[in-house]
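Trainee: Going down the list, the sequences are from chains A and B.
Numbered per UniProt numbering, the first sequence spans residues 1 to 294.
Numbered per UniProt numbering, the second sequence spans residues 1 to 282.
Treat each hint with caution, since some may be false.
What the hints assert, rightly or not - Simulated pairs of lysine to any residue, SDA-like, Cα-Cα distance not exceeding 25 Å:
1. A:K286 x B:I122
2. A:K200 x A:M105
3. A:K108 x B:E12
4. A:K289 x B:F112
5. A:K143 x B:L45
6. A:K213 x A:C33
7. B:K9 x A:K5
8. A:K213 x B:I270
9. A:K200 x B:L15
10. B:K227 x B:G140
11. A:K286 x B:F114
12. A:K200 x B:L16
13. A:K108 x B:Q267
14. A:K60 x A:T259
15. A:K213 x B:Y269
16. A:K289 x B:I167
17. A:K213 x A:E290
18. A:K102 x B:Y263
19. B:K111 x A:I11
20. A:K229 x B:A152
21. A:K99 x B:F25
22. B:K197 x A:N184
23. A:K229 x B:T235
24. B:K111 x A:C33
25. A:K99 x B:I264
26. A:K5 x B:K104
27. A:K143 x B:W29
28. B:K104 x A:M105
29. A:K99 x A:I80
30. A:K77 x A:S226
31. A:K6 x B:F189
32. A:K8 x B:T235
33. B:K197 x B:I81
34. A:K200 x A:K77
35. B:K268 x A:K156
36. B:K9 x A:I96
37. A:K108 x B:L8
38. A:K8 x B:F188
Derived by calculation from the structure, the hints in this document are not laboratory data.
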Amino acid sequence: MLKSKKVKENIMGYGFLAPALILLIIFLIIPVCMVAYYGFTDYYLLTPDARQFVGLENFKRLFSDPIFIKSIWNTTKFVIWIIPTQLGAALGMALIVNKQRKGNMFFKVAFFAPVVMSLVVISILWLYLLNPNEGLINTLLNKIGIASQPFLTSPKQAMYTIVFVSAWQGAGYQMLLFLGGMQNIPGDVYEAAEIDGFTKFEQFWYITMPLLKPTAIFVLLTTLISAFKLIVQPMVMTQGGPMNSTMTMVYYIYQTGFTDRMAGYSSSIALIFTTMIGLITIVQRKLVKEDEDV
Amino acid sequence: MRKKLSPLKTLEYVLLLILAAVFIFPMLWMVVSSMKPEADVYLNLSSLKAFLPSLNPSEWFTTYKEVIKRFSIGTYLLNSITYGLTFAFGSIIINSLAGFAFAKINFAGKKFIFGVLLALLIVPVEAVLIPQFTIVNSLGLVNSRVAVVLPAMASAFNIYLFRNFFIAIPEEIIESAKLDGAGIIKIFFRIMLPMSKPAVATVGVLSFISSWNDYIWPLMVLTDRSKFSMQVAITTINTTQPVYINQVMAVLTISTIPLIIVYIVAQKYILQGLGGSGTGLK
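Make a model of the complete structure from these sequences and hints.
Mentor: So this is what it looks like as structure tokens:
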């Protein structure tokens, strides 16, 4: 009796689990194993039968591959700049919208508007807006006496331009997350602070910031991880150029593996990338846990 | 009322309006540029006219007619909607089934599989694009519609989300349904799913949006133009000579409208998905 119940539970459990499990195995677990193996082979997509185990050869090659080094540097640069830009903007906008004022709904909708556009759409839209010759932005700059800027066509400016466009698109979403966190803070805390003579800035610094910490950590972590995965904007706007100044790690995985069909080489980059993301996630979880224990 | 606005308040509003303009005007420019002849788009750049559609309302939709005639926009739209709905529906079913198993059924190896699932949360899908493609290729699914929606359908994150929702549903409800003679499948579809409407809606809406916005994967697996999703079609149109800026803006606008509708209709579920408490990762 008891045994048959156990068997029944097992059948039911795996029955419910089966569709998801099968898909996860085929499209995630096996691919992860493949990447882990391919990374040590010279797999060329068009000649799968000639695949050979080459040990650490790919990794040796990678660290003398200037484009790969550049892609790590570019990705890091993007992450370092996008975090303060986007989160700062999101926090600022949340503070603005959180105040009681007429027409607040309008500002909220306005700040959120770019979020509803896909990355492909905003990339193409800004490609035209930022056109060095007849783009709207340069026309406006000329009007106020600033010379035309090359933006995406300059190796120096391209990545910063992508940072700006990405932050412009995404900040509205995180504004709403911050706003949700702020509205969870009870109003009487501020009233008490007001009575004790706290200035507005002190209220922000000693009440809003500490109580907003869980939201802020969550937003920071999700933004950090997704920033490392940058690919669509450079792919659509600059094709990684000019002079590889916007080539990112994920884009290089795509380009070496899919465009150039060097699956082995691409997998070794993917391995390094996954390890990086994994380490960051583990460190994050540790930090969040410690924060909760306090 | 106007008198009450102090200079400081007025300044505040002016600054806020400028800030709002930074966020709205690019989108506005996209829409109005699609509603005038191409020459006007460039002519108007240095005046406020840049943010007005053609002064002749009969010209407003000319570009749309042209672009629909030139490219099969209807097909791309329909493709994207089909991919989006299939992906959303499939995600709801597959992930809720698995979430239910983790929440309410005690099968052997549950702890281990759940541990694997949590580990999978870390894996960036971007890193496995190439092997995913070789697998789709060896299954003979390249350039098929199935290949667009299937690989990302089972999601560790969504399973986790459903599991957390189901765990909160009291065991007594299931027990009493069992006493009434309901089988496990009936309990799942008649009690569990209806009781977790917010989770169902959140997963459905977010899956639709992510499928709609997805670019790299459909670009990799589709070669046949008639199967292109809107996002892939946009970049193709943007590189098909001759490129007319007003036509490109029309296509961008068309591809954004469905998402605007989704965001308006489903706004309360969109934030729940990632920002809501209780669903966040730990």
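Trainee: Next, verify each hint and record whether it holds.
Mentor: Outcome of the hint check:
no.: 1; hint: A:K286 x B:I122; result: holds, 14 Å
no.: 2; hint: A:K200 x A:M105; result: holds, 23 Å
no.: 3; hint: A:K108 x B:E12; result: holds, 15 Å
no.: 4; hint: A:K289 x B:F112; result: holds, 22 Å
no.: 5; hint: A:K143 x B:L45; result: holds, 11 Å
no.: 6; hint: A:K213 x A:C33; result: violated, 37 Å
no.: 7; hint: B:K9 x A:K5; result: violated, 71 Å
no.: 8; hint: A:K213 x B:I270; result: holds, 22 Å
no.: 9; hint: A:K200 x B:L15; result: holds, 19 Å
no.: 10; hint: B:K227 x B:G140; result: holds, 16 Å
no.: 11; hint: A:K286 x B:F114; result: holds, 19 Å
no.: 12; hint: A:K200 x B:L16; result: holds, 19 Å
no.: 13; hint: A:K108 x B:Q267; result: holds, 13 Å
no.: 14; hint: A:K60 x A:T259; result: holds, 22 Å
no.: 15; hint: A:K213 x B:Y269; result: holds, 23 Å
no.: 16; hint: A:K289 x B:I167; result: holds, 22 Å
no.: 17; hint: A:K213 x A:E290; result: holds, 13 Å
no.: 18; hint: A:K102 x B:Y263; result: holds, 24 Å
no.: 19; hint: B:K111 x A:I11; result: holds, 16 Å
no.: 20; hint: A:K229 x B:A152; result: holds, 16 Å
no.: 21; hint: A:K99 x B:F25; result: holds, 24 Å
no.: 22; hint: B:K197 x A:N184; result: holds, 24 Å
no.: 23; hint: A:K229 x B:T235; result: holds, 20 Å
no.: 24; hint: B:K111 x A:C33; result: holds, 22 Å
no.: 25; hint: A:K99 x B:I264; result: holds, 23 Å
no.: 26; hint: A:K5 x B:K104; result: holds, 14 Å
no.: 27; hint: A:K143 x B:W29; result: holds, 18 Å
no.: 28; hint: B:K104 x A:M105; result: violated, 42 Å
no.: 29; hint: A:K99 x A:I80; result: violated, 30 Å
no.: 30; hint: A:K77 x A:S226; result: holds, 14 Å
no.: 31; hint: A:K6 x B:F189; result: holds, 23 Å
no.: 32; hint: A:K8 x B:T235; result: violated, 52 Å
no.: 33; hint: B:K197 x B:I81; result: holds, 22 Å
no.: 34; hint: A:K200 x A:K77; result: violated, 34 Å
no.: 35; hint: B:K268 x A:K156; result: violated, 41 Å
no.: 36; hint: B:K9 x A:I96; result: holds, 13 Å
no.: 37; hint: A:K108 x B:L8; result: holds, 21 Å
no.: 38; hint: A:K8 x B:F188; result: holds, 16 Å
Going through the hint list in order, the structure does not satisfy hints 6, 7, 28, 29, 32, 34, 35.
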